[in-house]
Amino acid sequence: MNHRLFIQKKSNFDVISQKTTIELKNLVPTIVCKVFVIYDLFNIEESQLQEVQNKVFVDPVTDVVFKYVEDAVNESIPYSKNYFATEFLPGQYNQRDDSSEQCLVLMNVENVTVKSGLLYVFNDDLSAEDLKKIKDYLINPIESREKDLSKMEIPANPEATEVPIIEGFISADENKLQDIYNQFGLSLEMDDLVFIQDYFKSINRNPTETELKVLDTYWSDHCRHTTFETEITDVQFNSKFNETLQKTFNYYQQVRQELGITKPIRLMDLATVMGKYLSRTGIVKNIDVSEEINACSIVVPIDVDGVEEEWLLQFKNETHNHPTEVEPFGGASTCVGGAIRDPLSGRSYVFQAMRITGAANPLEKIEDTLPGKLPQRKISKEAANGYSSYGNQIGLATTFVKEIYDEGYKAKRMEVGFVAGAVKKEYVRREEPVAGDRIILLGGATGRDGVGGASGSSKTHDGLKLDDLSAEVQKGNAIVERKIQRLFRNPDVLALIKKCNDFGAGGVSVAIGEIARGINVNLDLVPLKYAGLNGTELAISESQERMAVAVEAKDVETFIALAKEENLDATCVAEVTGDDTMTLVWKGTKIVELDRKFLDTNGVRKQAKIEVTDEEYTNPFENKAFNKEAFIEMMQELNHASQKGMVEMFDNNVGRSTILNAFGGQTMDTPEDVSVQKFPTDGFTNAVSIASFGYNPTISRWSNYHGAYFAVIDSMTKIVAAGGNYADIRLTFQEYFEKLRDEATRWGKPFAALLGTIEAQKQFGIPAIGGKDSMSGSYQDIDVPPTLISFAVAPSKAEKIVQGTLVEKNSKLSVFIPTLTEDYLIDETNTKAVFDFIGTINDDVKSMMTVKFGGIAETVANMAFGNEIGFEIKTDLDLGKYYPASIVIEHSEELNIPAEIAQNYHVVGQTNDSTSFNFNGEEINLIELKQQWKKTFNSLFPYKSTSETVVEEKDLKAEQICFAFADQKVENPKVFIPIFPGTNSEYDSAKAFRREGAIVSTLPFRNLTQQDVEESVDAFVNEINQANIFFVPGGFSAADEPDGSGKFIATVLRNEKIKNAIHNLLERDGLVLGICNGFQALIKSGLLPYGRIQDLEEDTPTLTFNEIGRHITQLAKVRVNKSHSPWLKGMEGQEYWIPFSHGEGRFVANEVELEKLIDKGQIATQFVDLDGKLAGKMPYNPNGSTFAVEGIVSPCGKVYGRMGHPERYEEGLFKNIPGNGYMNIFKNAVEYFRG
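With the numbering used here applied, the sequence shown covers 100 to 1334.
There could be a bad hint or two in this list.
Claimed, not checked - Here are the computed lysine-lysine pairs in the BS3-like style, where the Cα-Cα straight-line distance is at most 25 Å:
#, residue 1, residue 2
1, 524, 384
2, 1314, 908
3, 1276, 480
4, 1034, 1053
5, 346, 362
6, 1314, 1053
7, 346, 375
8, 1272, 1255
9, 480, 118
10, 1272, 477
11, 109, 180
Claimed, not checked - Listed next, with one range per pair, are the computed distances between beta-carbon atoms:
#, residue 1, residue 2, range
12, 1198, 471, 49 to 57 Å
13, 1156, 1258, 31 to 39 Å
14, 386, 704, 40 to 48 Å
15, 922, 797, 13 to 21 Å
16, 390, 1027, 56 to 64 Å
17, 922, 844, 18 to 26 Å
18, 290, 731, 28 to 36 Å
Because the hints were derived from the structure by calculation, they are not lab data.
None of these values were measured; they are calculated from a predicted model.
Cβ atoms here follow ideal geometry from the backbone N, Cα and C, with glycine treated the same way.
Can you build the whole structure from these sequences, using the hints too?
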């Protein structure tokens, strides 16, 4: 039988309807919207539905269910005729469907197909025009469509079509070739197609469709950097900076000569020459060189538990501009997913991320959207949701996020992700595959998503209908990529891998095709998401979360078995051959057989001329007299206002590694300029990676050369201001320019920019060792601003890191301003002396920050916001002027300034105990300015909820302590940490317990087959039976689906065998802990608040969506109440700063249930504000929990659940949050067993 369910949240839980209504009011101010989740269930009996409905699909505490659309509509907005439903396009991956089916299998309900959608119901007085605008806004035809509620059917998968041979290709004349070019929508140019024709003439056969598509992918700008590899035949400078440009160009030519480079000048050569030169001359010695070009890689010695080890620090930037422009959520999520896979394929564990994006005004009216484009508002909002969703699920600390605004990005959005990973050097095996080696396809299955992605991203967005582009956008699955991360953290696995490529652009044809010169791929063995894919689609699909792994033939079975232990599919699909041919076979027929030498030509070598010219823009370095009113207005402008509401969507504390919270101070409002994370070691280390970025479109428009030059300088200065050493910096660039066409002046822009980077690298001896280019930023007559982002990375030690947040009242404020030359470059000798001196005074300074584009005034204001420290500035310096490479310093004592840099040092003022900023006598109220600064984006990315709840103290009772220690003494208690699909905090959790002497066991729950499920259940029971502590850690189990966090885990816990094992554990004085996602599972299984696994009642206390309606990441202060729980022994009355990161953490209980919890002493921890009072609203109660509840215990005290993450803290972390400390519940648990 088939069934359909419509599920709506009860009014006090219906955050989604509220958010949707608020968003749609930008279109129709009078709108009211109610949102339902639709489940179409195929092949499920009525008796089965009754059994699973309230466990999988419906939460009886928060949900109301209907079986007919009329009932759903009438219950929400009676008698409205304005409603429609949406669903994903056939073939698109849907996490909700997948997780639902997984939960059903766990409950022994097999062979059921789930198809979900959404129902939107609106007020009845909307016009037909209003309804059309709403549909156009909510339905992106690239990914979804309107659902026909009159039908209930599973979309049929089409039969796979044959791969045709392009008959007449080798004999085609110019007109026929043009027809073929148009027919296949190729991204390569016509001369390339003629070149291909000549090749096939030489072997006397016509190509297959697959071969043509593979070549189009291989030779696309995205894969082969054809723009950057174009030969430059002539260079002309017609700029006001001719002398400067010529001088750098001459230096570049001299370097080429010293290196013996004889190839023609190319943009790629300019981008990479300094890395080669500084390495070849011995100035830089730690670059890790190998045949694998997965990511930038340097060798770093670090201390782990007192032992020095050599590690590889690998980093990479990735751009997904085109996919994010047309499908923001998917494009941005696969941007970070793709960035992760590069160092991951280099065997690194990725632990650090930044996100830099470019947009036009996201606050513009929706009706001002360009034809053929999505609204800027929608792009910015959904892209942030996509990137954060993926990064949060995989457990990646994204500690720096910045969106840059320029009207040029209306041509095409910029979406850039930066990641860093690390691995112990001795674990990495690198060998070239030889004939007989095998290629294993690891990870996700293959579908149509991403077919043509590389080619599509290489084209100029030409205003095609969005539904024409649907196949080009990949769909991410963070859960699978997390599993690959876990697998590659196993040294036994790494020892088997000779070479590894990630599946990015080009799919099988590139990832496997490039792994060896001779390769034979059997496409029939490639695992599929669904039937119906033909050979061409299999060859070039860019379905995500896949790796190509080269192993020896004898190691295939071992590798596949190890992958299975991590719940991963692994299939041997190819063999390395001894010839130089790439062969792809489908249905027993060779559909690709291409000579490697021909592939390696990359098509016809292009040529271009360069002319560097100027455009008329205001000099960004001119003096700017300070004016109070102008300053207040500037602080509210797009590129200066706070972006806190967006940044807090990104998990920045996962990994037990965050040195600086994204926002510093007790109010967490000072935005830090850098990302600083500890290396991901199993033992204790103080080794950190510092990362920063530099780019300003205003400077770049004025001078492409100076824009790129100061991008490097700014990224370097931020590292120095954070306590790093500029000499340790390594760079990677992101270039993003307009379509260059055949116009010398357009080619002059990236050429001048790259010359600027050469000058900066030369001055400071810091090389760019990687990068990424995207050269398609044009739409009609609009071009993106000339964009070259410099990412800087430097290893350092945690104790050297300096925050950017003002720390104390009555401190001195000074600024170092290096000398600027007449041609607007910094004096390198002078600046090095300044930076060297700053490196010696780490212990003497309280905080430092690089001067921002709004000058000293903006910089000090930003520094002051976090701790709300007032200051008085008295100086002759221009407070609104941009001083590049300059650093503001807070210090208590006088600094002993060397004479050589005395002219660069300026005392500008001091902090005080007021709440005002005084700029040379002009006073501004700190609190009022901060409110103005934070409100600019509040309608797009809210930074606080609208709740004004006040929480009154109550007399909390606690049961008499009935046990202080377990009856059975255990010196090293055993902790079992289950790893579910989507768990991401197991390493932090295990580390916390191991440091206290516990023995920790972890085990993934496997569910790829029914047999896997049965074996996992038995394995979990065995682990629980041997354990003293059962700890369910944080994450996003099954991606928080179906429609609710913790449901998947709760379904597992309800398994009769596992339920009995947990009850037995508690009866023998064992302990249970659930943090974040684990807490959600304990609540939804009944272990909390009842202390036993049982069905939930409608009034059971629960956890639901945060009041603000989005993911929230921050620190919050919690107070420990009287408690009979061993988890909290000795902590009564103490307050702790705790990291939080969740989307569904709001604890809700009605008055009756709350009183029961109070009477039984179950309210364990509560949110408090800076004065120690119970907090009712953000930021101190981040999720809006009832009675400020952060965590509760069971009636017996043995089960503890909480949303905060104490396991993410250790010494040296969160240095910019005053008063932070370790709430060591893990030590308490271990001591409970030791007695």
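Compare the structure with the hints numbered earlier in the document and write down the numbers of the violated ones, lowest to highest. Checked against the structure, the hints that fail are numbers 4, 6, 10, 14, 18, while the rest are satisfied.
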